[in-house]
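Engineer: Listed below, chain by chain, are the residues.
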Amino acid sequence: MALSIKEIKKLITDLMPDATIEIKDLVGDNNHYSAKITSKIFNGKSKIEQHKLVYKSLQGKMGNELHALSITTEGT
Amino acid sequence: METKEKLTNIINSNEVCLFMKGVPEAPQCGFSMTVSKILKHLNINFKGVNVLEDENLRQGIKELSDWPTIPQLYIKGEFVGGCDIIKEMFESGELKKLLETKKII
Numbered sequence: 559m560a561l562s563i564k565e566i567k568k569l570i571t572d573l574m575p576d577a578t579i580e581i582k583d584l585v586g587d588n589n590h591y592s593a594k595i596t597s598k599i600f601n602g603k604s605k606i607e608q609h610k611l612v613y614k615s616l617q618g619k620m621g622n623e624l625h626a627l628s629i630t631t632e633g634t
Numbered sequence: 421m422e423t424k425e426k427l428t429n430i431i432n433s434n435e436v437c438l439f440m441k442g443v444p445e446a447p448q449c450g451f452s453m454t455v456s457k458i459l460k461h462l463n464i465n466f467k468g469v470n471v472l473e474d475e476n477l478r479q480g481i482k483e484l485s486d487w488p489t490i491p492q493l494y495i496k497g498e499f500v501g502g503c504d505i506i507k508e509m510f511e512s513g514e515l516k517k518l519l520e521t522k523k524i525i
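Sequence lines, in order, name chains A and B. 559 is the number of the first residue of the first sequence in the numbering used here; add one for each residue after it. 421 is the number of the first residue of the second sequence in the numbering used here; add one for each residue after it.
The shape of chain B in the complex, shown without the other chains (with noise of 0.2 Å):
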């Protein structure tokens, strides 16, 4: 399968879905280990794709965000920012109105 389809099947079918480095119970990046340990405190089921795993799929989600940096995190098929972003958004309280108006919780 072509990456970019494998991403979009990922992204599609996973309400809430974080490209990172590392597993969610095994982060291997600070930024990555930051926006796992927020949904965590949210409770959030969430998908949480290894891109360590495989480099296609790491420079894939690069191109089709276009944005540079892992981790990334998608909403219901939408990107929603980076580690500096979600921190922000969880901060402010903003990032758990989203999940609310997007019925995740």
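One chain only, chain A, in its complex shape (with noise of 0.2 Å):
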């Protein structure tokens, strides 16, 4: 099953309120996706422990029902 880019912001802003999420559907299957997200809560994490956030926010979803994600995160 795949994911929506509502339900992906969903799970995202979740966790993290402010964020600022842009998603695009890379081949329009609701399986390939990139996510620019935006927040406060990354400043002064690197850029695993951000990334670990957003697979947090996705609840286990990531390389299951959400086959792939390219993530850009930054602070703000």
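Hints should not be assumed to be uniformly reliable.
Here are the computed lysine-lysine pairs in the PhoX-like style, where the Cα-Cα straight-line distance is at most 20 Å [stated by the list, open to error]:
id, chain 1, residue 1, chain 2, residue 2
1, A, 605, B, 467
2, B, 467, B, 441
3, A, 605, B, 522
4, B, 507, A, 582
5, A, 603, B, 507
6, A, 598, A, 568
7, A, 605, B, 496
8, B, 507, A, 605
9, A, 614, B, 482
10, A, 610, B, 482
11, A, 594, B, 507
12, A, 610, B, 517
13, B, 516, A, 605
Hints were generated in silico from the structure; no laboratory data involved.
Dock the two chains into a complex; use the hints.
Structural biologist: As structure tokens, this is what we get:
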């Protein structure tokens, strides 16, 4: 089962309410996305920690229902 | 041998180690191909570990790094990141700097 952009945004916003999120469906199959996420939660954290937070917000869906999501994160 | 022990052995006995889908000569996933190409571009000798050959390794490395996706790059025993991070570090020059600091290049 694939995830929609709306569902992905909701999952991320649940954990990071202040996040600005831009998601692109790269090939139009609801399965390969890229996301640019900006949130103050990332401030002072390493890239690995930032990406781990995004994965955490996706509640184990990354690598399962969600096959491919390329992530760019930025603090504020 | 326990999976975790096997993984730790691989990571410790290879200075640059890429857990990937497929092999460096024939990656089987675009993300694995990207990281493999970056390392080749920088002329880095690296050990490619094909996780598609062993489901235990595939699950084990995700748990060990606490990271849900493949590829995963280790440099001198340290988890550096997945495809997005490596690509970003390559583009900013940070990856080369790290490899220099770790005396790989």
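Engineer: Could you run down the list of hints and mark each one as holding or not?
Structural biologist: Tested hints:
1. A:605 with B:467: It is violated: about 24 Å lies between the C-alpha atoms, which goes past 20 Å.
2. B:467 with B:441: holds (13 Å)
3. A:605 with B:522: holds (19 Å)
4. B:507 with A:582: holds (18 Å)
5. A:603 with B:507: Holds, at about 18 Å.
6. A:598 with A:568: holds (17 Å)
7. A:605 with B:496: This hinted pair holds, its Cα atoms lying about 18 Å apart.
8. B:507 with A:605: Status holds; Cα separation ~12 Å.
9. A:614 with B:482: holds (13 Å)
10. A:610 with B:482: holds (12 Å)
11. A:594 with B:507: holds (15 Å)
12. A:610 with B:517: It is violated: about 23 Å lies between the C-alpha atoms, which goes past 20 Å.
13. B:516 with A:605: Given that 20 Å is the threshold and the Cα spacing comes to 16 Å, the pair holds.
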